[in-house]
Each structure stands twice: as structure tokens, then as C-alpha cells.
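Asker: Each chain, letter by letter, is given below.
There are 2 protein chains.
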Amino acid sequence: MPNIIAVDAMGGDHAPKAIVQGAALAVAELKVQILLVGRQDEIEKELAEANAPSGAISILHAADVIDNNEAPTFAIRRKKESSLIKGLNAVKEGQASAFVSAGSTGAILAASTLIIGRAEGIERPALGVLLPNRKGFTFLVDCGANVDCKPTYLAQFAQMGSTYMNSTMGIKNPKVGLVNIGVEQEKGNALVKEAYGLIQTRAEQTGLNFIGNVEAREIPLGAVDVAVCDAFIGNIILKYTEGLAKGLMGIIKDELMADPISKTGALLAKGAFKRVKKNFDYEAVGGAPFLGLKNPVIKAHGSSGATAICSAIRQSVLFMANQT
Amino acid sequence: MPNIIAVDAMGGDHAPKAIVQGAALAVAELKVQILLVGRQDEIEKELAEANAPSGAISILHAADVIDNNEAPTFAIRRKKESSLIKGLNAVKEGQASAFVSAGSTGAILAASTLIIGRAEGIERPALGVLLPNRKGFTFLVDCGANVDCKPTYLAQFAQMGSTYMNSTMGIKNPKVGLVNIGVEQEKGNALVKEAYGLIQTRAEQTGLNFIGNVEAREIPLGAVDVAVCDAFIGNIILKYTEGLAKGLMGIIKDELMADPISKTGALLAKGAFKRVKKNFDYEAVGGAPFLGLKNPVIKAHGSSGATAICSAIRQSVLFMANQT
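Protein sequence lines correspond, in order, to chains A and B. Going by our numbering, the first sequence opens with residue 989, and the numbers climb by one from there. Going by our numbering, the second sequence opens with residue 989, and the numbers climb by one from there.
Some hints here could point you the wrong way.
Identical copies carry no separate label here, and so any pair may be met within one copy or between two of them.
[To be verified] Here are the computed lysine-lysine pairs in the DSSO-like style, where the Cα-Cα straight-line distance is at most 27 Å:
| id | residue 1 | residue 2 |
| --- | --- | --- |
| 1 | K1138 | K1282 |
| 2 | K1163 | K1123 |
| 3 | K1258 | K1138 |
| 4 | K1251 | K1123 |
| 5 | K1251 | K1234 |
| 6 | K1234 | K1175 |
| 7 | K1123 | K1033 |
These are computed hints drawn from the structure, not numbers from a lab.
Given these sequences and hints, build the entire structure.
Answerer: Take a look at the structure:
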């Protein structure tokens, strides 16, 4: 079977235009077939505008759309004709091998778990995100699925994160750290104290490269390839990164504009600041994978443009090719 | 009774020299008397070198020192002759009104709770820290005392944080937010969901200015004056701020050095970068207060120099003057 990626044409702030354009970019770049799921007439209109190569893109009509404001479990029970549910069913039934959506994280998680199902040995699927660090990327797991975790979940996140970084991202023997408030084994809250032992046991059994606790301050410096935490912590780290980078860049801007010499310097250094910004560009990174499902499911950023959608599709192809 | 501040002369990386020098700065600047607690001979030697004004500084001899590597509860039981225990006893017995130490956070917390005792209606003392934001400071409570919290603790942190920002820092009607992964009331883990209702009830009863949940990304932008969370989250935010600022400044430096024009720009903008760095200078902010004790206790940064110790003493004077 060729690689067919089901793509939710209706999810995200700029759907369906950006999604269809992103799919067109992806088929031009990658040897991949795409099944766009959503309202047929709207998709056809956008396809005509996007000048997509014919043959590589097909459409699966879905009349309904689940939006971000709906309660996930309620929405997926009621909206059987939504692009999310129909797209995931296409994967379940073998019409496609992976699914990409820029829609509601909660709805994608709930529907994927229900329809595609969990991989063997996994209690809870988790969302991983690649955070830029000083040397490359840290894979932060979980950052969006499980806000209340049991220690066993964290041990599974450690394993899934390591496998993803190794197989999909090509990092050999990735360093895995448990996010904690100190490096000593006895540090932390009840959850991480128990998780530590479980991950250590797993490391002895499977060769997982567990380096122990990692303090939050070491993450941006690139101390680990995989940072393991519950989704409450993960989401706070993710959002805080965004806010702090913005806040810090704001402070820098204010100070650069505060005296004429610095102002001149800032003008000259414009190129450097552009490159710094690129480091934090999620469009190039692509989507965030849900780990622990039977098939690859990628969550693209809600405000994805065409480039970000194309990156997410690329990510799903890599994920798929290397899933064991 | 005049203001007498007991200062742990033996706590911190640069004790006793930096502590004694900081005390000398404080008595010169503030109308305050200081009781230096620690090894008499070492303190006398440093006092002679520091050229401290005579009369305002006295010494309480303590032969022992508790260091950072000792288990707090064990150390405070065994080392009755330590500067920490003797200093806190001086406060308990009325010889001093407040206590400042750059020693082990865990030991200070455990010993303060035991010796000075909790204020009425407080189940757990908490550590607050002033984090620089885009507009000024956010008071982050708890960031170092309680890694496993009950919802009632968080409600008390909200109240104590608000009182501190109002009375000690002079912020009228401070905005209090509960750190969460979304702004809607139903968001979050079990702990914050329950805490939300408790803080809201308290707001109705006491006039606390509770603005609801605050997302981590809004904290560096100055959305709230008080950010309430458990110490696991608080410590991660605190340490992550340090790491991310360092990581980001590193990336900026690399990019500025990557081409000759940017490099020239960076040279011209040197003044601006110095001012940015000053924004993150903990030496000027002073110490972190323990809230919810019967007397003010201030934790100074472990690597405090004389200026930071002086700032922490200033902080304790403000705290003391405004404690209700």
C-alpha cells in the first residue's frame, strides 16, 4: 500500500485554505498521497486555486466540523459526520496510514484513542512537542494529553519519547530526563518520586538511556533529548517558553530603542535577530505527534499556515516510516 | 523595641564574609540593628575588615553550621547550636523581630515552622519570589516549600501573596491568578480545579482581587501581580526562567557573532544588553519571603554577595513594618 495520509481539511484557524495549500506543497515535495477530509465543495474550490498536482490528492467528504469550543467527548459522540471522525475512521479501516489535524487537541486525543486505539502496553497516549534548545531540540512528553498522571504513565512516556527521538528524529541513544525540581533521586513530589524508580527499572530492562532527574533550567541548554513530565507541567513549560521569549524580546527591544547608539546597533544587527526568531519558528518544526496510538496521528499548530501543514505531513511520513 | 534583624552569618556560598559585609551595608543605609548569628571569632574578623559602624551590630555566638547537603529535619533536630536554630530562637524569644538567611531553603522552612510557628489560619508556610516581568514583578507563590499541595493551601497562598504585594510592595489591589493550562474555570488538573472554587469563595468574602486562571505564557507579560501554584510548578517556572533567559541570550549571542555587520551592531548595542541583564539581577531584588509564619523570615539567594544580603535585610524591614 502506498503512503496515504488522511488530512483534516477543516481543522485550524486557517482551514480549509491553508490545509489544502499545505497538502499541495506536501505532494509536490514528498512521495505521498493525501486524502483530504472535509466539505467537498470547499476543498475542491481551494484545490483549484492551489494548483495542486492531480492524482496525488483525493477527497473524503465530511459535512460536519468540530470546533475548539466544543467539549471533546461530547463532540466526538455527536458529530459522526465530522472531518475528524471520518478521517480517523479512514485510518482505522486502512484507507490511510496516518492522520494530520490542526483541530482541537482534546478532540483529536479523545477521538484517536477511541477510534484508532492504544498501542500495546500503553495506558495513555501522550502529546510530544519539539522545543528548540541551545543545541537542537528537546522532545517534551507529555505536553497536552494527561494533566493527572500515574507514575506508570510517566514511565511509558519516557519509553515512547525515546523511541520517537531515535526512530523518527534520528537521535542515537537519546538522553531521557525526568523533569524535577532537583537532580537527586529523592527530590520532587509524590508522582515523580515513584516514577523515577519505574523509569530506572525500565532502563535496566530495555537499555533506555535514563539520565535521572533534569532541572527545568537545564532544558533550554539542551541537557536532555527527551524531557518527561505530566501534561500540566509540560503545557506550562511550553506556554511559558512562548511568553518568556516574547517578554524577553520585548525587554531587549525596549532597551535597544532607549538610546541612539544602541538603536543604530540594533539596525545593523537586524539580520541576527531575524535568525534568532527563526529558531522559534514552529512552522518549520511541523506538528506534535500523539504517541502510543496504533497509527501515527500528528497535531499541527492551530494557527498553522500552508508551510506548517506541509511540515506536519512530512513529520507524519517520517513517523510512519519508522514506527515499529 | 527597635527593629532588630537576626541574620544567619554562616548561611550561603560566601558566608561569613558576604553576610557580614551585607549587614554593614544595611546598617549604614537603614535605621536598623542587626544581630549576626554564627561563629563569634569569624564574625569579629570580618566585622573588623568590613569597617562596620559600631553600635548597630551585635553578635550571637553559634558554634555549628547546617549545610545544604544535610537532610533538613534531621539537621535541625541534631544541630541545636547551629546559627539557623539559634537565630530563630532569638526571634522566638523576642531578641529580634525578623530573620534573614542564605542557607538551605528546606532547613530554614522546617526550622522556622517548628520554632517561630505558623500564623493563624495558615496550614503551610510558602516561599514567594519576585519574578521580573515586562512591566515590573510577579510574585510567585509557592516556589519552594510545598511540592504536594491540598487545594486549601493554594487558597491560603493566594491570600498571603496578595497581602504581601499590597502591604510590603505597595501594589494596590494586586491581581491574583491561579497558574493553569487554560483560562476557563474547568481547565487543569484535579488540584487547581478544586482550588479555583476555594479562591473564588475567599475573594467574595475578603475582597481578594482574583482574576481566575492565568496561563504561563501571560506571566512574563505581567498579566498578574501574584501567581499562585504549588511549589513543584513554582520551582519549575523559577528555574526555567533562568535557563531559558540564558539559553535565549546564548542563541542571540551566537547569531550576533555569525556575521560581521551584526557583530558591529552588537558592539554598539552593548549598553542596551547590559541594561537587559540588570532586569534579571537578583542582587537588587533581595530575598524571597516565607509567608505564613508569625515573624518575617527571608531567604536570600544561596550565592548572595553583600549587595544581595543588604537587599534581603531591606526586604525584611519592609515586611516587618507592614505585617498585620
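Asker: All the hints need checking, so say for each whether the structure fits it.
Answerer: We went through each hint and held it up to the structure:
no. : hint          : in the structure
1   : K1138 x K1282 : within (22 Å within a copy, 37 Å between copies)
2   : K1163 x K1123 : within (13 Å within a copy, 38 Å between copies)
3   : K1258 x K1138 : neither (47 Å within a copy, 49 Å between copies)
4   : K1251 x K1123 : between (29 Å within a copy, 21 Å between copies)
5   : K1251 x K1234 : both (19 Å within a copy, 23 Å between copies)
6   : K1234 x K1175 : between (31 Å within a copy, 24 Å between copies)
7   : K1123 x K1033 : neither (43 Å within a copy, 47 Å between copies)
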